[in-house]
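Q: Residue numbers (full-length UniProt numbering), protein chains in the order written: chain E, 1 to 388; chain F, 1 to 287; chain X, 1 to 374.
Treat the hints with caution; some may be incorrect.
Computed beta-carbon distance windows for the label pairs [what the hints assert, rightly or not]:
#1 E:Asp204 - F:Thr261: 27 to 37 Å
#2 F:Lys109 - E:Asp203: 31 to 41 Å
#3 X:Ala110 - E:Glu370: 46 to 56 Å
#4 E:Lys357 - X:Glu362: 37 to 47 Å
#5 X:Gly307 - E:Lys357: 24 to 34 Å
#6 E:Pro25 - X:Gly70: 53 to 63 Å
#7 X:Glu143 - E:Asp108: 19 to 29 Å
#8 X:Leu348 - E:Pro25: 51 to 61 Å
No farther apart than 20 Å at their CA atoms in a straight line, the calculated lysine to aspartate or glutamate pairs in the EDC-like style are these [unchecked claim]:
#9 F:Lys109 - E:Glu106
#10 F:Lys109 - E:Asp121
#11 F:Lys227 - E:Glu194
#12 E:Lys252 - X:Glu181
#13 E:Lys357 - F:Asp251
#14 X:Lys363 - E:Asp123
#15 E:Lys357 - F:Asp241
#16 E:Lys367 - F:Asp116
#17 F:Lys262 - E:Glu370
#18 F:Lys141 - F:Glu206
#19 E:Lys367 - F:Glu224
#20 E:Lys357 - F:Glu119
#21 F:Lys101 - E:Asp123
#22 F:Lys141 - X:Glu181
#23 F:Lys101 - E:Asp121
#24 E:Lys145 - F:Asp251
#25 F:Lys227 - E:Glu111
#26 E:Lys156 - X:Glu181
#27 F:Lys101 - E:Glu370
A few chain F positions that, by computed beta-carbon distances, are all more than 10 Å from chain X [said to hold, decoys possible]:
#28 Arg110
#29 Arg111
#30 Ser142
#31 Asp191
No wet-lab data here; the hints were simulated from the structure.
Heads up, the beta-carbon is just placed ideally off N, CA and C, and yes, glycines get one too.
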Amino acid sequence: MASAQHVLLSPAELAYLHSSLSLTPPIRPDGRTPTQFRPLVAETGILPGTNGSARICFADGTEAIVGVKAEVEKTRSRHDDETVFVEGAGDDGEEEETDDITRTGESDWIELTVEIPGLRDDDSATAFLAAMLSEALLADGGLVKRLWINRRFHWKLYLDIILISPPLSYPLPLLSLTTHLALLSTRLPRLKSEGDEDPFFDDDWAAAPYLYPRQQTATPTAKSAPRSPATRPPITLLVMAVANNILFDPSKEELAVADAALAVSVTSSTRSDENDDGDGDDSMDVKEKKGRNLRLLSIRTVDPPSRLTPPGVANSSNAAYGVAGNGNGKATEGRTAVAEGEAVVEGVWRAPRGGAKRAVMAALVQKALERGGVVDEVFDALEGVELG
Amino acid sequence: MTDRRRINGPVGATIPPVFEDTLTQELKAVKKRSRPPNAIRKMYLKTGVTPSASGSAYLEIETTGKPGVSGLKLSCSVHGPRSLPRSSPFSPHMVLSTHVKYAPFATNKRRGYLRDPIERDLGTHLEAALRGAIIADRWPKSGVDIIISIVEGDQDRETSKFQGDEMWDMMNALSGCITVASAALADAGIDCVDTVAGGVAALVQESGDDSTSPNIVVDPIPSEHDKILAACCVAYLPTRDEITNLWFKGDLPASEMELYTKMVEKGIQASRHANRVLIECLTETIG
Amino acid sequence: MPITIIAPRPSRPINDPEDVVSDMSYDSEDESTDGGADLEGDIPMKSSGTSRSRGPRLFSKTDSDIVTPGELITSDPQFMRGHGTYLSHSQLQQGGDDNGPQAAIISSVAGTLTRTNKLLSVRPLRARYAPEVGDLVVGRITEVQARRWRVDVGAAQLASLPLSAINLPGGILRKRTETDELQIRTFFAEGDLLVAEVQQLFGDGGAVLHTRSLRYGKLRNGVFVAVAGMGGSEGGGVVRSRRQVWTMETAHGGGPVDVILGVNGYVWISKHVETATSGEAEAKTGITNMEEGVSATMYSSQNDRIGVETMREIARLRGVVTALVENGLRVDEDMVTRGYHEAVEMALVSADGVDDIYLGGEKGQQLAATLTGR
């Protein structure tokens, strides 16, 4: 949990941060605009021993590596599949038709582990991160479908996400972007066998197709992105709200004064035909030009560490305030008195209580999913990363 | 991760028996959702069931009446506030720790005794939901443990063949956990800004009629619907009108934001219903 | 542009002029075929003449001489061993020297060799802050104990601040009582930031701090940034200098802003608050008066009202400090002031106007390039 990585900040710092982030426009401590991400260095294909890999690091030294490995595994035959299986083995012609239907995957074909230095691997923060990342991968069922080899075998995909540096900020966006790039660069050996026989594969790595196949160059209009895959792996963004402001990619300090924080997972696909048939053909073209259809996969509340921050003490009730030479013992109750007091004194930090207003939650999601907004630009930028 | 201290039964290797049912046709009829789309199932909530704990509650959600479907049975106990161990650093707030554990027999597939990632994940969700509700600065330097055992996991014996059902079940379990933990917290006398309760709403598609657009139902039972497109679980504070935890998953085009908004609204509605039961239960105990 | 993704680049460009400096050491290394892989360190390498001791490094021509752990610095008995070195008696015997068993000074860290008269020491390239008496440090309370606080100052050990080493509110001079001990958290609690001076050092390197001056005490009205601290001989970070604390006038109506550069690399940038005691007249009065005049806000955690302009300029200053560090420049009054004025100039020509205070990534590099005149 976010709160597990305890941020120690003084009440005065928190009050300053909160008020500067509440301004319109907010002044972030590092001078970024609300939607601006920290600049990052990214590369893919760094690990030759994997099917796909990526590395991303921030200027402050936070760095993550993701390696994707695939293994062939026997599909556990299930009770209810048996009849179908027998049928299919005898008749080849029918198999073609049923192919699309049987091409289903199971969620345990993907195993995702997250390792964060300094945290135990069974820590709930790690479990939460891993669950959030795998949830997004599994949500549309598209990825596991690609792992299907034949009725008896499938690929098992191991995603190992390792944060190399100690977590200087909540590592979710970093891990998610790295995973995204690693999956984009993932290739599986080309299948040479046919049907349900034991699979064997092409030795030629160069011929290995990408897990996320590239779009055909057939689209004449979109010359700029001919090699971009039709569907893309999901990305998870961290969005937080302070007063009326919505900030993307918050740093650790900013998260410490958040009123609410959400992790939003989105994916994009350009295959629009099967999703909304209702739209006319021309509207489809418009979408094609705009680039992508965003799809919302998951939203999770991230417990902001702000609730666990130490409260400030107002001058009026501070025992150590002013020339209290005459009565030192009298004002000992000052600290508790303030904790009880509901009055909000300007410049004094008070940890937020309760949840987030409905409107705030809605605004967070709305802002993240805006057409042509931040997510679009993040996808654009990730597309620019050369696949090694 | 296996537990070496106990002799475990086979995990995952066995397939739960599915019994041939002669009344398949009849069952299909029962399988459909009989409740109106915005009605939640009846629930039973009682506080103070574990005398040794500082606070406790038990929640049971009714079954659908279909044989082979168990309802959700949750038992929650709250221990504390008690002083933190000496080694732990000073905390100006109450330190909250949540444990959610499925009983080994609660689901179709037997679970081990150690908490698996799913249960840990549920625990963090629950923690986020409760943290917004409690007034933690009233109890400095103290800790509270909230332990929930899921005695029965609201699973259809037959659903094992449907793919991805497990993940929708988690939503229902979480919403129950939030409600029962909130009752137990109130029973333990821990200050809260409001009573928090969980509610689930889902976007479902019935395969029978492709023409109709998917509709939103509250408190979904995965086995009652052909396909769940998306679901969300909301932890909601009714008097403050605030959300402490929101968990959405599924696959929703970003262009259809109104669907998402509606789902959250329905989730809140479900939470309000659960909250009424919660309030009723608490006043009954006191009165 | 919300996100910038930069392609990785080699950490140092090939044919960098800096490579030439260390050429000399490469030469000698080339003679032994196994290069640095001398796994059994105590077997002398068979190379002729020079062997591992590439001649005392002390007498090499280059100014900043880089040595690595285990490297012989000198065997001349007239020199004394300083920090970052150790004495060895075995090294020479293996070297085949006929001078008999003699102590050799060998480097124990990788860094630059410095010589102060007869004292030889090696300053590591990167190191944690090592406190010295009189250092002005910014620290964060991590633990409150019965009669003292433990303070994180970025050193190898937590510093300690005894209850007796702080000014009591109102500046009363008296013995600390049990009452003070009981309400120790009203002075400083966990997470609080303070500026203090290193009063004393323990043998194990732990520091004892004090805040018994009007300049020291709890920090508020500003932002904190941690950069590389004192200790490294190369690259960026805060260096010990004449003035660690100063007030500077900021542009665009930001008003005066205080900058505190802790020697330990912790930096505090805050709005300047005029206190009654900050005047010159106060400083001239006697010690008793001064103590009485201790600012009422000494232990306050309540911020004053801070204008938007001030906040923006504080953020800009913070950006300057981070940009300096990220580009390996030193952080001192001169650099920060020049960097700030440069940043203001840059913002004037920026597309987003004076509100553009972002100094990360390319902008930071641009700023650094201007400052170094490259």
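Q: Can you let me know if the beta-carbon spacing of Lys357 (chain E) and Glu362 (chain X) is within 37 to 47 Å?
A: holds (38 Å)
Q: Hinted pair, alpha-carbon criterion (20 Å max): Lys101 (chain F), Asp121 (chain E). Please report holds or violated.
A: Between Lys101 (chain F) and Asp121 (chain E) the Cα gap is close to 18 Å, so the pair holds against 20 Å.
Q: Beyond 10 Å on every Cβ pair: is that true for Asp191 (chain F) relative to chain X?
A: Nearest chain X Cβ is 22 Å from Asp191 (chain F), so the label holds.
Q: Need the status of pair Lys363 (chain X), Asp123 (chain E): alpha-carbon distance at most 20 Å?
A: violated (39 Å)
Q: Take the C-alpha atoms of Lys227 (chain F) and Glu194 (chain E), compute the straight-line distance between them, and say whether it is at most 20 Å.
A: With a Cα-Cα distance of about 32 Å, the restraint between Lys227 (chain F) and Glu194 (chain E) is violated, given a limit of 20 Å.
Q: With 53 to 63 Å as the target window, see if Pro25 (chain E) and Gly70 (chain X) comply at their CB atoms.
A: holds (55 Å)
Q: Mind checking the alpha carbons of Lys262 (chain F) and Glu370 (chain E) for me, to see if they're no more than 20 Å apart?
A: holds (18 Å)
Q: Against chain X, does Arg111 (chain F) keep a CB gap of more than 10 Å to every residue?
A: holds (39 Å)
Q: Given the hint that Lys227 (chain F) pairs with Glu111 (chain E), test it: the Cα-Cα distance must not exceed 20 Å.
A: violated (24 Å)
Q: Do the Cβ positions of Glu143 (chain X) and Asp108 (chain E) conform to the proposed distance bound of 19 to 29 Å?
A: violated (45 Å)
Q: Within 20 Å, alpha carbon to alpha carbon, are Lys357 (chain E) and Asp251 (chain F)?
A: Distance ~24 Å between Lys357 (chain E) and Asp251 (chain F) Cα, so the pair is violated.
Q: Given the hinted pair Lys101 (chain F) and Glu370 (chain E), is their Cα-Cα distance within 20 Å?
A: Cα-Cα ~38 Å, so violated.
Checked against the numbered hints given earlier, this structure breaks hints 1, 7, 8, 10, 11, 12, 13, 14, 16, 18, 19, 20, 25, 26 and 27; the rest are met.
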